[in-house]
Structure formats: C-alpha cells, structure tokens
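> Letter by letter, the chains look like this.
There are 2 protein chains.
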Amino acid sequence: MFICQYSEGSWKLPKITKYEPFEVDPSLRVFHYGQAVFEGMKAYKDEEGRTWMFRPMENIKRFNISSKRLDIPSFPEDVFLSALEKLIALEKDWIQKGEGNALYIRPFVIATDNNIMANSSSAYKFMIICSPVQSYYSGSIKVKIEQHYSRSANGGYGYAKASGNYAGQFYPTKIAIEEGFQQIIWTDSEQHEYLEEAGTMNIFFRIHNTLITSPTSDRILDGITRNSIIALAKQKGIKAEERAIKLQEILEAHHKGTLKEIFGTGTAATITPVSTFGYQSNTYDLQEQQDSYANMFKQLITDIQYNRAEDSFGWRYLVK
Amino acid sequence: MFICQYSEGSWKLPKITKYEPFEVDPSLRVFHYGQAVFEGMKAYKDEEGRTWMFRPMENIKRFNISSKRLDIPSFPEDVFLSALEKLIALEKDWIQKGEGNALYIRPFVIATDNNIMANSSSAYKFMIICSPVQSYYSGSIKVKIEQHYSRSANGGYGYAKASGNYAGQFYPTKIAIEEGFQQIIWTDSEQHEYLEEAGTMNIFFRIHNTLITSPTSDRILDGITRNSIIALAKQKGIKAEERAIKLQEILEAHHKGTLKEIFGTGTAATITPVSTFGYQSNTYDLQEQQDSYANMFKQLITDIQYNRAEDSFGWRYLVK
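Chains as they are written, first to last, in numbering that gives the first Met the number 0: chain U, 0 to 319; chain L, 0 to 319.
None of the hints are false.
Identical copies go unnamed one by one, so any copy, or any two together, can satisfy a pair.
Computed cross-link-like contacts, EDC-like style, restricted to lysine to aspartate or glutamate with a CA-CA straight-line distance of at most 20 Å:
hint, residue 1, residue 2
1, 173, 7
2, 245, 189
3, 319, 46
4, 173, 70
5, 67, 178
6, 67, 177
7, 85, 45
8, 235, 260
9, 173, 217
Hints listed in this document are in silico derivations from the structure and should not be mistaken for laboratory results.
All chains, full assembly: derive it from the sequences and hints.
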C-alpha cells in the first residue's frame, strides 16, 4: 500500500509499505465528522501481459475536486500518478488476464486529527490500497425508482466521491432489496420527478436510438465511464443527450414501446443492464435488445481497457 | 472509555478500559462509506459535588434514530444508560464545579468491516469517550445566511447525527469565516428561502416577544436543547412557534425593528446569541436586549443542569 501523511500545511514523504493495520485514536476526526474522500480505479492486463490503467488523470482530478468540497488539502497530481504506477508495478502479478479480471485500486484520504473539534482536520492520511477483482455485478439488475429517500441536495456534495454519500444509501437500498430489487434509481430531492443516478452508478436511458443521461450537477457524480460512453456514442454516430430526465417521460416511453434500454455505468461494473424497474407498486420489464447498446458499449470500453482495440481517445495508460 | 463490538448479528460483551488507541485495517468500512453516528452530551457538577446528566434518554433515543437511517444496528438503551453512568462515575473527578464546566461525553459508533464492499457493514464498534470542557463558544457570533451550499436534502439524513452531515459543512463554513463570519445559517436546498439550522446548532428567532424555530424534518436535527427551550418558553408563557421561517420575513422584521434576537442552541454551547447576520453583501446588526431571551433561557437551562433550580420537567439525572 501507498501512504502519505499531511500535517502542518504540507504532505510529508510518501512511502510504499506492506499492507498492514495502523493505530488510531478513538477521537480520530474522520470517525466523528466524516471528512473522507476516495476513488475507484482498475488496472487491466492485456494478452501480452502488459498492465494498463484507464484514464487515471480523470480519477486524480476528481479526487482533488472531491477533496476541495470536503475541505481536504489536494494531493499533488504528479505524486498521485507516480504512486499509482509504482504500486501497480509491484502488484501486477496479482492481475489475471481475461475479461472482468483487474486490479481494483482504492485511493482514499481520511482526516486524522486526534480531537473532536467540529471543524476541518489539520492532519490527513492519504493511502492507496488494491486488490484483485472480477466483475463487480454480474448480469442485469432490477432497480427501484426511489420516491421517498434522497441521495443528495442542490448545494450539497453529491458530486464528490465522499464517504458520506454512501452512508445514506445503505438503508434505502436495504428496503429496496427487501422489496426484490438490487439497486435504487435516485430521483431529485424536491419532487422525485427526475431520474438522476443509480446506487453507485450513473444511469443511461435509451429511447428509440437516442441515449439520455442526466447532466452532472451538485448532486450527480461526474462518472468517468459515463463520460467515456458519451464520447464513444458520439464517435459511433449515436445521439447522446445530457439533460434532465423526467420519470414521466420514461414511463410513457415504456408504455409506447420506445424505451429500449436502461443501464448503469461505473468503474466497478463498467456497464450493468437493467432488466426491470419498479415505480410505486408496479414493475416494468425491459426486453433484451438484439442491438443492445449496453453490450456494445461494454465491448467498446473493455476492448480499450484490455488493449484489444485501437485507443483513438488516448485513454489507455501503460504501467511500466 | 467504554467499548462494545457488534458482529454476527449481536452486540458482544461491553467493557470499560483506559483511553487508548486501537488498530484498524486500511479497508475499515467507515473510512470509505462513512457509516458513523455520534451523540454529544454533558455531565455537570453541582455545588455539593454531585454529578448530573441532562435528559440522557433523549440522546440515547436519538442515537438509535440516527443509527437506523445509516443502517447501523441499534444499541440497547439500558446498556447505553448504564455505560454512561459507570463511565461518568469513574471520570467525575475531572469535572470542575461552576458555570460552563462540564464533562463532554461523546458516544459514537463506526462500521468496522475490513473490506470495501459498498454496502452496510456487518461489524461495528460502539464507544464512549469523554473529556472535561468549558463553554464551547463564548460571546455572540456573526452568522452568514448561506445562499449557495446546502446542508441536507428532503429524504436525506440531515436529521441524523451522522458524520457525513458535518463533513459537508467545513468548506462552506471556511468560506464564511474568510468573509468575517463564524457560522452559517443553512437554508433550504431548493430556493434558499427558508432559514433552517446553524452550523452545529438549531436556530431561534425572536420577533416582538414570539420565538420562532424551524420544525424538525428530514433535514433538521431534533435538538434536545431546542426542545427544552420550547418547553421552557411554554412554561414561561412565551409564545414559541415551530414553523417554516422565510428569510424575507426576517429581513422585514429587522427593517421594522421587530426582530429582537437570533440565537443558536445545542449541547456544546447551550445558547449562542447572534450579534450580526450577513445576507448577500449586506450585514444586519442586532441590538442587545435588556430582556434578552437568549440570556434568560441560558440561565433557566443551566440552573437545571447545575442543580441550582427546581427541575419541574424531570430533566436532571443523578449519576451515583
């Protein structure tokens, strides 16, 4: 693991050590006030055994955007990238070749002052840990369109990859799971009229042959997979709209048969198709599409990630 | 400190140990997904040297209400109360007599699974730590009426005393401090039209001789000091309204000279008077009142807390 501590206004000497526990004080600031930010990344192995990251600078930049909102000092981009490279180079033998296999990489930062003053910490611990993984979700999922709970507020920190955005999702998700779903589609906190984001994923709708996803905002994570799919869609000549999506529009499109697909996107699962969505007491099934966009984009992205296709956007990053 | 661990569906044997650090894994669930809830309480010493808590069952109940929203198992109320009593009895020599002196007590619970699965932890650590304190704030404060950032959403967990509610406040508060204020008055996330809560306190407005405070909701903490002041106001024959408060109403009342006082309430500071509030680029001063409600309620509450007055509500709790 990689570790770097912040105190007295600066980041100290970073080091890579074996993965090991560390001592904390019960008054550790993050336990009480949740100043904590993370990223999720993956490294992939190609058929020749070379190891690749996918758009690492995007994660690094977002990490610092998240940190700013949580009043955590930014971590130097160059040190961050070099830490990733060194750590992955050390751990790359854990990565299996083949679709779905990867090294999951978790950079995170936590507030480490040892007192419970309700303000920003003066000390932080930045760490990167990693672990070999296979696909996060498998198959398609059933999602519930949430009508009571909310994930985030305008002016809040929903766009940040901060621990507190996850803490609030577990209880509503548990209720959804008890009702037979796997995830929630979050709606706006005002009227629950707009479809915004799914559990830990951004969400795309395909109506006819147009892709639609919510614009990023205070409330919505600026997903790197999301962004990549929009770019790939444009390259493929598929219309991709970033705009507010009314629940009513989706219900009507389903009724008319023009709602072809819904899928979630994120680093963990790349793309997860939705087979069924639930709204109030009804459930709505989606037919499998012969020309599934979810499958197509998953193929396009993983071909780039696993170095099986040309990388016209320059998204791959070779780990030496 | 008091410590009790949860695993395999139940709370294990609790114990009281010396205050000491403990080992954690870098993948400790709370570092990544913020499942953490706390309470803030105080124990007071009277002139005869006896030690008192103030409405401890209210904190215990709220702790479990917060935990439920964060999908954390509830902690048995009777064990909680007995833990508080035993720990305070051990630590009571640290408490000084006299106004403002107290033992600050911090019960908290954190998610302790050692992996970064994005769901509710199966293991938790419940702890109570404490420390002697004097008054948290002193004197009156300048507050900024926030017009961009938000603390919480409808359907969110703003009512819970959860770590993630504090993490998001530090950055906007830092901006306010740079502008010459000490705290923020949070407004609704939709139009920033309604005045809701201050930093770590509930907020009261006095127009003529009527007290007004926001009703509790998904977004607003059900403060115990808040609740106590409403009860005391009713006992004193002072009109206390729990209703939505429009910023515009407060600006107009200030203009007409009928806005007499604003004050924040919370365990840490009991009551903190506001001397000035800022809205957009203007600041609005409040005159000191001869018959200050802030002073009167602070006296009434601290007289009960320090056993200097009759306790007609039964709020005091003797620690034996």
